[in-house]
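J.: Line order of the protein sequences matches chains A and B. Counting in my numbering, the first sequence runs from 1 upward without gaps. Counting in my numbering, the second sequence runs from 616 upward without gaps.
For the record, the hints were derived by calculation from the structure and aren't laboratory data. Each residue gets a CB set at the ideal place from its N, CA and C atoms; glycine is no exception. It is possible that some hints are incorrect.
Said to hold, decoys possible - The calculated SDA-like cross-link candidates involving lysine to any residue, where the alpha carbons are at most 25 Å apart (straight line), are:
(1) 477/A to 625/B
(2) 591/A to 611/A
(3) 521/A to 639/B
(4) 477/A to 650/B
(5) 701/B to 358/A
(6) 87/A to 751/B
(7) 521/A to 664/B
(8) 348/A to 757/B
(9) 630/B to 640/B
(10) 167/A to 806/B
(11) 727/B to 168/A
(12) 639/B to 199/A
To be verified - Ranges of calculated distance between the beta carbons of each label pair, as one might list FRET restraints:
(13) 667/B to 171/A: 41 to 47 Å
(14) 706/B to 316/A: 28 to 34 Å
(15) 464/A to 667/B: 21 to 27 Å
(16) 497/A to 717/B: 52 to 58 Å
(17) 754/B to 484/A: 48 to 54 Å
(18) 199/A to 705/B: 33 to 39 Å
(19) 497/A to 639/B: 53 to 59 Å
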Amino acid sequence: MNYHRFDCIIVGAGGAGMMAALESSRKVGTAVVSKLYPTRSHTGAAQGGIAAALSNLEDDSWENHAYDTIKGGDYLVDQTAAEILCKEAVDCIYELEHMGLPFDRTADGRISQRRFGGHTKPNPIYDPSATPGTDAAKPRIPVMRACHAADRTGHMILQTLYQQCIKQGVTFFDEFHMLDLIMVDGECRGIVAIEIATGQLHTFHAKSVLLATGGFGRMFKTSSNAYALTGDGPAIAYRHGLPLEDMEFYQFHPTGIYRLGILLSEACRGDGGVMFNGKGERFMDVYAPNLKDLASRDVCSRSIEQELRAGRGVNGKDYVYLDIRAETINKYKTSPTGSDVDSHWVEKRLPDIIDFARTYLGVDPIKEPMPIQPTAHYAMGGVPTDVHGRVLRDTSGEVVPGLYAAGESACVSVHGANRLGTNSLVDLIVFGRRSGKDMARYALDREFQPFPANPEAPTRMAIDSLLSRPRTEPWVKLRDEMQKTMMDDCGVYRTEERLTRARDTIAGLQVRYKNLGLQDKGTVFNTNLLEVLELGCLLDLSEATVASALARKESRGAHSREDFPNRDDTQFFGHSFATKHGDGQPTVTYKNVDVITLEKDGKTTTKYPLEIRKY
Amino acid sequence: MTTTDSVRNLTLKIKRYDPERDEKPHWEEYEVEVDGHDRVLDVIQKVKWYQDETLGLRRSCAHGVCGSDAMRINGINGLACKVLVKNLQSSLLTVEPILGLPVIKDLIVDMKPFFDHYKSVMPFLINDDPPPTTERLQSPAERARFDDSTKCILCACCTTACPPFWGDQKYVGPAAIVNAHRFIFDSRDRGAAERLDILNDAQGVWRCRTVFNCTSACPRDIKVTQAIQEVKRAMLTGDIGFDPST
Chain A
1 MNYHRFDCII VGAGGAGMMA ALESSRKVGT AVVSKLYPTR SHTGAAQGGI
51 AAALSNLEDD SWENHAYDTI KGGDYLVDQT AAEILCKEAV DCIYELEHMG
101 LPFDRTADGR ISQRRFGGHT KPNPIYDPSA TPGTDAAKPR IPVMRACHAA
151 DRTGHMILQT LYQQCIKQGV TFFDEFHMLD LIMVDGECRG IVAIEIATGQ
201 LHTFHAKSVL LATGGFGRMF KTSSNAYALT GDGPAIAYRH GLPLEDMEFY
251 QFHPTGIYRL GILLSEACRG DGGVMFNGKG ERFMDVYAPN LKDLASRDVC
301 SRSIEQELRA GRGVNGKDYV YLDIRAETIN KYKTSPTGSD VDSHWVEKRL
351 PDIIDFARTY LGVDPIKEPM PIQPTAHYAM GGVPTDVHGR VLRDTSGEVV
401 PGLYAAGESA CVSVHGANRL GTNSLVDLIV FGRRSGKDMA RYALDREFQP
451 FPANPEAPTR MAIDSLLSRP RTEPWVKLRD EMQKTMMDDC GVYRTEERLT
501 RARDTIAGLQ VRYKNLGLQD KGTVFNTNLL EVLELGCLLD LSEATVASAL
551 ARKESRGAHS REDFPNRDDT QFFGHSFATK HGDGQPTVTY KNVDVITLEK
601 DGKTTTKYPL EIRKY
Chain B
616 MTTTDSVRNL TLKIKRYDPE RDEKPHWEEY EVEVDGHDRV LDVIQKVKWY
666 QDETLGLRRS CAHGVCGSDA MRINGINGLA CKVLVKNLQS SLLTVEPILG
716 LPVIKDLIVD MKPFFDHYKS VMPFLINDDP PPTTERLQSP AERARFDDST
766 KCILCACCTT ACPPFWGDQK YVGPAAIVNA HRFIFDSRDR GAAERLDILN
816 DAQGVWRCRT VFNCTSACPR DIKVTQAIQE VKRAMLTGDI GFDPST
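Chain A with its partners taken away, still in its complex shape (with noise of 0.2 Å):
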């Protein structure tokens, strides 16, 4: 058998994982499993920016930023977490900048930033009595707090950790893809992978595990997600009992690439783009008068789809424009300062959104507007933790001894009900540093525990039996089906009836999946079976989906249910924690978001009081 110990074992090598690796290594013997080279994780697709109040442009504060997150999030955002977030974003960028991350620079050479959806300040002229619609009126204005490497980011942040790991003598274990954990009496004590290029299996005896596996988009139809993303650990802990917070929460990007889903980054409005209907209308104006195109993504996703179903589409179609011309910024005065643009700077700015529409949709946007549709894009919920990604056992808030996680594939939580635009990468390395942080404590506290004997037997079991069934229908048939299910059912607009459904759906698919055979009987880079696994995640996920998605019967942030069209604090000011028994359907039940309370002459109010969320 072929056995490996380490103190820590990180699941993933994205932004998360590798941060965290960054940290624990210094001080404990630390391995990253990841099914991908490190190079190929999707971190690397995030292109517009990082948040960080730095200020190096104008005056902001990690207040602001903590405000904008809780107000993005729809309030079901844990405000500790969020004040951390903000606050360790600062030292995070700093520290990103000292690894020789190569942020554009302003004129004094300090780190750039730009606009981003739903990231503001207070406008120093408002007016409550001033007539609407003009600058007076805006209660908060954009702010520039988005730190960028042109428009890919997310590169940089990938290839610079990849290049600390290298100078510090991380170990991988590349292409090795993990299937299942090792629990025992309530405590994590190791993983289980397949090395994929000899299909054999491995064991990894650990004091502490980090999820850190990203999302998994890959279960809906239209995403801008990679094909890796499928949710493996998530859908693994899913199995082993513990609980999935706020999945119902799925954000949509409302500028997708016709089609094909791919990601034009909102940084394209942040610079000064603007959104068309069939029409030539700019719609934002209607549905967020003040913040317009930077509204946040869920309401600008659905006032995408409203202006479909209005037939409004552009030709008809199931589309609208996103335009980045540099006469259409300059009409619309959108761009940052306000000064006029020219195409040259909009090419420096996006050279890869240009590309890509060059490439795929055979438009050049410094010329045309570019269709676009809204793509699933980003979980807000995942696995559980508290702020040092400790995993969290029930709504109790009790942790998992030896279990963490951090990025898209955790909730801990500070994206509440919707994610504001670049905080995804500030999340992945705040608590992927914070995490690799409290598994090196953990494990200089601590012995490694007795390893079970054969913990890779029902793994083993799984695959041999796979592997021998006869082949009765091609697993991508009930791929196809879950993912337009997940899309027309479970996507941007949900019901009652349209959630039952995909209820019913996805139980019928699980069904099937069990009686799936393989033509790859191979052991060598059989990825047929990966897929194949992969997929059961998918299900075992859009099953917790759908569930927490019916039993809140309200509309927050991203979760939008036409049979309840309004956020509801009186019922539903909770995180969902969907929980798996058996077989059967989940249970849902809720967790308190947290609160920060202030004590003002003896009387105790809220730091951030709910408001009702508009742009």
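Since the structure of chain A is already known, use the hints to place chain B on it.
T.: Just chain B now, kept in the frame of chain A:
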């Protein structure tokens, strides 16, 4: 915007090799229905998903940023997710693994030698001065100096298109040199002398014969040959545009 959804048939010819079944690589052909929006990756996956599940390939992001699916497409290196079928001249599409790295299965090669070369050039910022409490300053011009080489995604399209690399796989290859360039010309870095020393070797930059295959193969449009020439010039002149000792 292109509105041609024209569906047509295409013959996809794939160089197949399964070490558990085949003595040596062989070609297999598949008929695939394609439309004007299909990427080469889509065509290959149609075969994998709907005709032959045993086909082996790597892929992840599917839009040219992760670097997983480098392969030879009609004889030319590229990322399968960045080449559109409608831009191919013929109705025959051939794909085969990139050259110069051991084939594991079908389109999958062993990337370890490639990453070993990359690691050999110390591809990380070297600067032991205590950092300031905020960011190190760098002017926009200093930042622009190495911008092109920061775009590298380590897909290996360049290195495995390089005839000297085909001839001798001990040559570090274009990708490693590009990543050395990224740090040599970074005004914050202090390790240029060490990296230039590593590359001033028979298996270093002097293996380059300026064939320019690397530059035409790069899916990120990096001027790879130019970067290599700049490293050679720095080696000869000792000039990297700034004084790393200050």
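J.: Each hint needs a verdict: does it hold in this structure or not?
T.: Hints versus structure:
Pair hint residue 477/A plus residue 625/B holds up; C-alpha atoms about 23 Å apart against a cutoff of 25 Å. At most 25 Å may separate the alpha-carbon atoms for a hinted pair to count; residue 591/A and residue 611/A meet this at roughly 21 Å. Taking the CA atoms of residue 521/A and residue 639/B, the gap is about 19 Å. The hint holds against a cut of 25 Å. In summary, the hint linking residue 477/A to residue 650/B is supported, as the alpha carbons are separated by about 20 Å, within the 25 Å threshold.
In summary, the hint linking residue 701/B to residue 358/A is supported, as the alpha carbons are separated by about 13 Å, within the 25 Å threshold. Only pairs whose Cα atoms come within 25 Å are accepted, and residue 87/A paired with residue 751/B is accepted, the gap being roughly 20 Å. Between the alpha carbons of residue 521/A and residue 664/B the distance comes to roughly 15 Å, so the proposed pair stays at or under 25 Å and holds. A distance of roughly 16 Å separates the Cα atoms of residue 348/A and residue 757/B; the hinted pair therefore holds under the 25 Å criterion.
A C-alpha spacing of about 6 Å is found between residue 630/B and residue 640/B, which places the hinted pair at or below 25 Å, so the restraint holds. Pair hint residue 167/A plus residue 806/B holds up; C-alpha atoms about 13 Å apart against a cutoff of 25 Å. For the suggested pair residue 727/B and residue 168/A, the alpha carbons sit about 19 Å apart, so the restraint of at most 25 Å is met. Between residue 639/B and residue 199/A the CA atoms are separated by roughly 21 Å; this keeps the pair inside 25 Å, and the hint holds.
In this structure, residue 667/B and residue 171/A break the distance hint of 41 to 47 Å, their C-beta atoms being roughly 36 Å apart. Taking 28 to 34 Å as the suggested C-beta distance range, the pair residue 706/B and residue 316/A conforms, at roughly 32 Å. Distance hint check: the CB atoms of residue 464/A and residue 667/B are about 23 Å apart, consistent with the given range 21 to 27 Å. The hint said 52 to 58 Å for the Cβ distance between residue 497/A and residue 717/B, and at roughly 55 Å that hint holds.
Restraint check, residue 754/B to residue 484/A: a C-beta distance of roughly 52 Å satisfies the suggested window 48 to 54 Å. The supplied range of 33 to 39 Å is met by residue 199/A and residue 705/B, whose beta-carbon atoms lie about 37 Å from each other. About 58 Å separates the C-beta atoms of residue 497/A and residue 639/B, a value consistent with the hinted range of 53 to 59 Å.
Comparing the model with each earlier hint shows a violation of hint 13 alone; every other hint is respected.
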